Every structure is written in structure tokens, then in C-alpha cells.
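A.B. asks: The lines below spell out each chain.
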Amino acid sequence: MGWRFATNGEKEMSNGQNGAELRLVTPGMAIGPSSGMRVGSGALAQNDTIIATRLGWVKQLNNTVSVDPINSAYMPRSGDLIVATVAEVRNNLWFMNVNGPFQGLLPMSLAPWKVEFGAARQHMGIGDVVLARVQEVDECHNVVLTMKGVGLRRLNQGSVHSVPITNIDRLRGEGNATIQRLREVCDCRIIVGENGRVWVDGDAEGMAWARQALDLVQTSGHKNTFEAELSALENNAPKNGDA
Amino acid sequence: MGGYGDVQLLRDDGLRLDGRKFDEMRPITIEAGILPAADGSAMVTHGLNVAVAAVYGPMEAHPRKIQRQDRAVIDVRYNMAPFSTSDRIRPGFNRRSREISKVIAEALESVVLVERYPRSKIRVEIEILTAEAGTRCAGLTAAAVALADAGIPMRDLIVGVASGKVEDTVVLDLDKAEDNYGQADLPVGILPNTGEVAFLQMDGDLSPDEFNLAMEYNFKAATEIHDIMVDALKRRYEGGEN
Numbered sequence: 001m002g003w004r005f006a007t008n009g010e011k012e013m014s015n016g017q018n019g020a021e022l023r024l025v026t027p028g029m030a031i032g033p034s035s036g037m038r039v040g041s042g043a044l045a046q047n048d049t050i051i052a053t054r055l056g057w058v059k060q061l062n063n064t065v066s067v068d069p070i071n072s073a074y075m076p077r078s079g080d081l082i083v084a085t086v087a088e089v090r091n092n093l094w095f096m097n098v099n100g101p102f103q104g105l106l107p108m109s110l111a112p113w114k115v116e117f118g119a120a121r122q123h124m125g126i127g128d129v130v131l132a133r134v135q136e137v138d139e140c141h142n143v144v145l146t147m148k149g150v151g152l153r154r155l156n157q158g159s160v161h162s163v164p165i166t167n168i169d170r171l172r173g174e175g176n177a178t179i180q181r182l183r184e185v186c187d188c189r190i191i192v193g194e195n196g197r198v199w200v201d202g203d204a205e206g207m208a209w210a211r212q213a214l215d216l217v218q219t220s221g222h223k224n225t226f227e228a229e230l231s232a233l234e235n236n237a238p239k240n241g242d243a
Numbered sequence: 001m002g003g004y005g006d007v008q009l010l011r012d013d014g015l016r017l018d019g020r021k022f023d024e025m026r027p028i029t030i031e032a033g034i035l036p037a038a039d040g041s042a043m044v045t046h047g048l049n050v051a052v053a054a055v056y057g058p059m060e061a062h063p064r065k066i067q068r069q070d071r072a073v074i075d076v077r078y079n080m081a082p083f084s085t086s087d088r089i090r091p092g093f094n095r096r097s098r099e100i101s102k103v104i105a106e107a108l109e110s111v112v113l114v115e116r117y118p119r120s121k122i123r124v125e126i127e128i129l130t131a132e133a134g135t136r137c138a139g140l141t142a143a144a145v146a147l148a149d150a151g152i153p154m155r156d157l158i159v160g161v162a163s164g165k166v167e168d169t170v171v172l173d174l175d176k177a178e179d180n181y182g183q184a185d186l187p188v189g190i191l192p193n194t195g196e197v198a199f200l201q202m203d204g205d206l207s208p209d210e211f212n213l214a215m216e217y218n219f220k221a222a223t224e225i226h227d228i229m230v231d232a233l234k235r236r237y238e239g240g241e242n
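Same order as they appear, the protein sequences are chains A and B. Taking the numbering used here, the leading residue of the first sequence gets 1, the next gets one more, and so forth. Taking the numbering used here, the leading residue of the second sequence gets 1, the next gets one more, and so forth.
Simulated from the structure, these hints should not be mistaken for laboratory data. Hints may contain errors.
Calculated from the model, a selection of chain A residues having no Cβ within reach of chain B, i.e. all distances over 12 Å [what the hints assert, rightly or not]: (1) 28; (2) 29; (3) 36; (4) 49; (5) 64; (6) 77; (7) 107; (8) 116; (9) 131; (10) 136; (11) 144; (12) 158; (13) 172; (14) 187; (15) 189; (16) 191.
Some, not all, of what chain B presents toward chain A, calculated at C-beta under 7 Å [said to hold, decoys possible]: (17) 60; (18) 118; (19) 120; (20) 153; (21) 193; (22) 202.
In silico PhoX-like links for lysine-lysine, alpha-carbon gap of 20 Å or less [as the list claims (entries may be wrong)]: (23) A:223 <-> B:65; (24) B:21 <-> B:234; (25) B:121 <-> B:102; (26) A:59 <-> A:223; (27) B:21 <-> B:220; (28) A:59 <-> B:234.
From a predicted model like this one, the values you see are computed outputs, not experimental measurements. Glycine included, C-beta positions come from ideal geometry on N, C-alpha and C.
With these hints in hand, go ahead and build the complete structure from the sequences.
C.D. replies: Here you go:
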């Protein structure tokens, strides 16, 4: 096997082993030796080496090496507040698109209305948008949603936008400061779902501005220039007298 | 691949018709994230080949009969655009595109951590805009970059590369004339970090020594292409701090 010259971990072993600096890694890239370290998400141990399985930033915390992915699919977790759309309707339940690999199931017993068997379509049809909470996710990735709870409801007006899952924290900001700022600037109601869907409702000008802000989160949410770009956008907001 | 004896594929000065050395690749450029609507995308320009790949998902697998309870399925659709060659290609699936879709899907399944997403589907669309021999390799490379761009977990970035034999000489990265009139073609999918081969096809005959030399060329080229892939992904997210 004269051509089998590359062995795992030969490349990129020289820097970032202690995780002191943020390092962008691609799938298959060696992060460092696995001895004495625990392997977190976005990485796996292979032949005494920790390798990245995702495109993202290496993080090391309490002897655990992980990769914070730049892009990721939404993986539902119990208790998540999400904005979901109806994908299928059966006699006694709805299948919901939760913007993830698996559909969520909303049984009529967990809907906010008293639903007779066979009357599910009278309450919600395909394409309707709801604010729901993830009730349960089992080991087979079966997702059960609930609409019983304060504020959980069908969203009859407004518009839904998508932002990358990994930029949601950036959109919310420290202690929800950024999203609160956006709400005040555009004078709209904004609900950020954990699944990367954002519901916006308000007047046309405010919604148009909110859309621009969410587009900015989509394109520049991962950049260190995000705050500056958002501030520049705020100066052009309709409520600031420019429009 | 029958070998046309009257077609000269190597020049008298020992170089190939386009001036390349035996172990020299055609120029290759890669760009990640070119399609805003896709979850991940990439474009590979390899010689005159232009391959665009788009990744959607993971998503609920439909129809439900294709679902696997323990893993995701990778649904690859390789297609050559009607205008990709000088002779117009009839649009739609044909025997060749079905075969290439299948081998690329199987190669990708060996690197993607499919067990993370049971019952779901990852859709990979590969469109060849211009073709000049080696489109399955360009398509595979584009698909790997698009999967990484989409945040799909993988063991490694798989690289598609090919070697072959012309006029009894092993050469790297066949162009159109060499592919049409050469004696053998050996496209492979390589995992550069682990040194594994995820897919291998051979058209024509190679002796064991020629095969080893062709694989040596392929591995050397795979390392170079892998660096370009990594660079393309890093370039897309430069300025990021997370």
C-alpha cells in the first residue's frame, strides 16, 4: 500500500491544541490529542486524536473539546419554544414542520381547543403557523408538541422569517437586549423560535425594517462586524425619522 | 476506452497535449455557499468542468417507505445540463446519471455521520454546467464542500480525483481527449485525513504497478484539492468570531 501515506492526525496538529484561541476547523481536521480530554459535540475521537466532524469553531471548556458549528440543523429539545407550520392533518392530530430533520406531532389532546375526532381540519389546515412548545423528544427522535400553555397559539397574522440556528443567540443578545432593541426600533411584536423561525407582526414599515434586520442576522450574524452593521441599520429605521 | 492507436496523446517533448506533466492536475477553483436558498452549496471549476452542488436537509424522508429507522438516507441527484457538452444532452435521468448518483450517494454515506439523523433524508443535487471529463469527481468534491457548508457532520471531506493511462503512460486527471482515446480511467473518492478510499471505479486495464502509480498520483492530488476545499470553506466564513 505504497500510496496510503496519510494517517489521521498528521495535519493541523501544531496549533490550537489547548483551545486557547478560536480556530475554524473543517470536517476531518485534527483538533488535538484525545488523551485526558473529553469529546464534546461536533467532534469525535479517532486513533488517539480528536477530529472535527463539523465546520465550526473549536471550543475547550473544562477539559471538553467541542466544535461550535457555523451551520446546523435544528434538533428539538424538550421545552423549546418554536414557530412551527402544519405539514399534514389527520383525524386526531397534526404533523408539524419544525424546521428540523423530524416532523413534530401535535395530538388533539394537546391543542388549545376542544377538538372532536375527525374535526382537526376545522381548527388548523396545512400551512397554518403556530407558536408551540416541544413537550417531549424520545430516544427515537419522535417529537411531541403542545399548544397548552401561556401564549401558545395559532399565529393568524404577521410574517415568518428564517435565521440560522447558530445565530439565534446573537439575535437575542445578552439578556435579550438585542431583540428588545429591535422590537423598540421597529415597534413590532417579534417572537424568536428556538427552531430558527422568527415571527414578526406590526405595521408595514416596521415589518419591512425587521425583515432587513433578520436578513442581516442571516448573512452577517456570525461576523464580528454584526453589531456595527446592526447599529448602522438602526440609524435608517423608520422610527428614527429617516423614512 | 478502447485505445485508438492513431491518436497521439503525448507530445514528443514528453508532455501531454495541453502542456501538463504526467502528474499535473488541471487548474481547480472551489467556492462555497453560492446558492442562498440551499442549506449548503458549492461550485467546483476543474479544468473546463463546472459542477454546482446544493444540499438540503436533513429533512423528513418522503415517501415514508424510504426511511431507515437507524440512519439518514442520502438522496443524490447528479445531472448534466443539456448545454454542458457540444452535443445537446437530452434532459432528465438516464442510465449514466443514475449510476453516478448511486456511487456518489454510497461514497457520501461512508463519510457522513448518518446515524445522527435516523428516519431523515439529506438531499444532494449536483448539476454539471460544463463537462470536460472527470465530472463525477468534480461533482463529488462539490457535494463534499456543500455538505460541510450545510453543517452536516462528517468524518472527513471526501475528494474526487481521477488518474488514467494514455499511450502506456499513467497520467493524472484526464482531459477530454485522454478520456476518450486513452487506455484506462481510474476515478476514486479519497478521505485525505485518514487515507481511506470511499469509492473506486476502473474503466480499462491497468497492471498492479500502474494501478499503484495511479493511486499515488490520486492521493497526491487529493491532498492538494483538500487544501483548496478547506480554504474555500474558511474563506466563506472569514471575519467570523462566533
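A.B. asks: The structure should be examined with respect to each hint, and the outcome stated for every one.
C.D. replies: Cross-check of the supplied hints:
With a minimum CB-CB distance of about 3 Å to chain B, residue 28 of chain A fails to clear the 12 Å threshold, and the non-interface call is violated. Non-interface status of residue 29 of chain A relative to chain B is broken: a Cβ of that chain comes within 12 Å, the nearest being about 7 Å off. With a cut of 12 Å on Cβ distances, residue 36 of chain A stays outside the contact zone with chain B, its closest approach being about 22 Å. The beta carbon of residue 49 of chain A sits about 9 Å from the closest Cβ of chain B, which is not more than 12 Å, so the claim that it is off the interface is violated.
The Cβ of residue 64 of chain A lies farther than 12 Å from every Cβ of chain B, with a closest approach of about 17 Å, so its non-interface assignment holds. The beta carbon of residue 77 of chain A is kept farther than 12 Å from every beta carbon of chain B, the shortest such distance being approximately 15 Å. Remark: the non-interface label on residue 107 of chain A is consistent with the geometry, its nearest Cβ contact in chain B lying 18 Å away (cut-off 12 Å). With 12 Å as the threshold on Cβ separation, the claim that residue 116 of chain A sits away from chain B holds: the shortest Cβ distance comes to roughly 27 Å.
Non-interface call for residue 131 of chain A relative to chain B: holds, since the shortest CB-CB distance, roughly 21 Å, exceeds 12 Å. Consistency note on residue 136 of chain A: stated as away from chain B, and its beta-carbon is indeed over 12 Å from all of that chain's, at 17 Å minimum. No beta-carbon of chain B comes within 12 Å of the beta-carbon of residue 144 of chain A; the shortest separation is about 15 Å. The Cβ of residue 158 of chain A sits about 22 Å from the closest Cβ of chain B, beyond the 12 Å cut-off, so the non-interface label holds.
Listed as a non-interface residue, residue 172 of chain A keeps its Cβ farther than 12 Å from every Cβ of chain B; the least gap is roughly 15 Å. Residue 187 of chain A, annotated as away from the interface, keeps every beta carbon of chain B farther than 12 Å; the closest lies near 28 Å. Listed as a non-interface residue, residue 189 of chain A keeps its Cβ farther than 12 Å from every Cβ of chain B; the least gap is roughly 27 Å. Residue-level check passed: residue 191 of chain A sits 23 Å from the nearest beta carbon of chain B, beyond 12 Å.
A hinted interface residue such as residue 60 of chain B counts as satisfied when its beta carbon comes closer than 7 Å to some beta carbon of chain A; here the least separation is about 5 Å, so the hint holds. Taking 7 Å as the C-beta contact cut-off toward chain A, the hint placing residue 118 of chain B at the interface holds, the least distance being around 6 Å. Hint status for residue 120 of chain B: holds, given a least beta-carbon distance of 4 Å to chain A, under 7 Å. Because the beta carbon of residue 153 of chain B sits about 4 Å from the nearest beta carbon in chain A, less than 7 Å, this interface hint is met.
Because the beta carbon of residue 193 of chain B sits about 4 Å from the nearest beta carbon in chain A, less than 7 Å, this interface hint is met. The beta carbon of residue 202 of chain B comes no nearer than 15 Å to any beta carbon in chain A, farther than 7 Å, and the hint placing it at the interface is violated. Taken as a hint, the residue 223 of chain A and residue 65 of chain B pair is broken in the structure, with Cα atoms around 42 Å apart against an allowance of 20 Å. Our distance criterion of 20 Å between C-alpha atoms is broken by residue 21 of chain B and residue 234 of chain B, whose separation comes to about 30 Å.
Annotation: proposed proximity of residue 121 of chain B to residue 102 of chain B holds, straight-line Cα distance about 15 Å (limit 20 Å). A distance of roughly 17 Å separates the Cα atoms of residue 59 of chain A and residue 223 of chain A; the hinted pair therefore holds under the 20 Å criterion. A distance of roughly 14 Å separates the Cα atoms of residue 21 of chain B and residue 220 of chain B; the hinted pair therefore holds under the 20 Å criterion. Straight-line distance between C-alpha atoms of residue 59 of chain A and residue 234 of chain B comes to about 17 Å, which keeps the hinted pair within the 20 Å bound.
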